[in-house]
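Asks: Going by my numbering, the sequence shown opens with residue 1, and the numbers climb by one from there.
Hints may contain errors.
[As the list claims (entries may be wrong)] Simulated restraints on C-beta separations:
(1) A132 with L24: 18 to 26 Å
(2) A27 with Q151: 18 to 26 Å
(3) G150 with R61: 18 to 26 Å
(4) L122 with A149: 40 to 48 Å
Just so you know, these hints were derived from the structure itself, not from any lab. No experiment lies behind these values; they were computed from the predicted model shown. Beta carbons are placed, not taken as given, at the ideal position from N, Cα and C, and that holds for glycine.
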Amino acid sequence: MNLYLRTHVAAAPAEVWQGFTRDLFLALAPPFPPFRLLSFDGCHRGDEVHLELGAGPLRQRWTSLITDHGITANGTYYFVDEGKQLPAPLRYWQHRHLLQPAPDGGTYIVEDVEYRTATPVLDRLLWPAVWAQFAWRRPIYRRWFGAPAGQ
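The whole structure should be built from the sequences, with the hints applied where relevant.
Replies: Printed below as a string of structure tokens:
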């Protein structure tokens, strides 16, 4: 299943790239499910992020590996995280972060997610929750990197 969201911010791609820090990662965490950051290495190839989701006996680990990062010929910064250890019901997770130059000098922050569970039906049932987790980020990105003029 795929999810694609794009958020326009005022800061240039290089500034947004520099802003993808542990502090931003914590700020982007939605209120549900309960979340604890165990470690955050960064957003470069080979870095890992370790989370704990849920509470009590429902706690589950999530470990992501940054498998790629760079800058394309058109000035798009990017990094890709892939799930190594995923909470149920997820079986596959790949999240491409694209920081595309916008015509006004700002950036389009793109969340391009592909995920799978055990069945396509469950994938579809989970989609609204996955969408909500990423839609939550839009106003946070604009607080951190500025809202473009007119928005």
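Asks: The structure should be examined with respect to each hint, and the outcome stated for every one.
Replies: Hint-by-hint comparison with the structure:
no., hint, verdict
1, A132 with L24: 18 to 26 Å, "holds, 19 Å"
2, A27 with Q151: 18 to 26 Å, "holds, 20 Å"
3, G150 with R61: 18 to 26 Å, "violated, 43 Å"
4, L122 with A149: 40 to 48 Å, "holds, 42 Å"
Violated hint: 3 only; the structure is consistent with all others.
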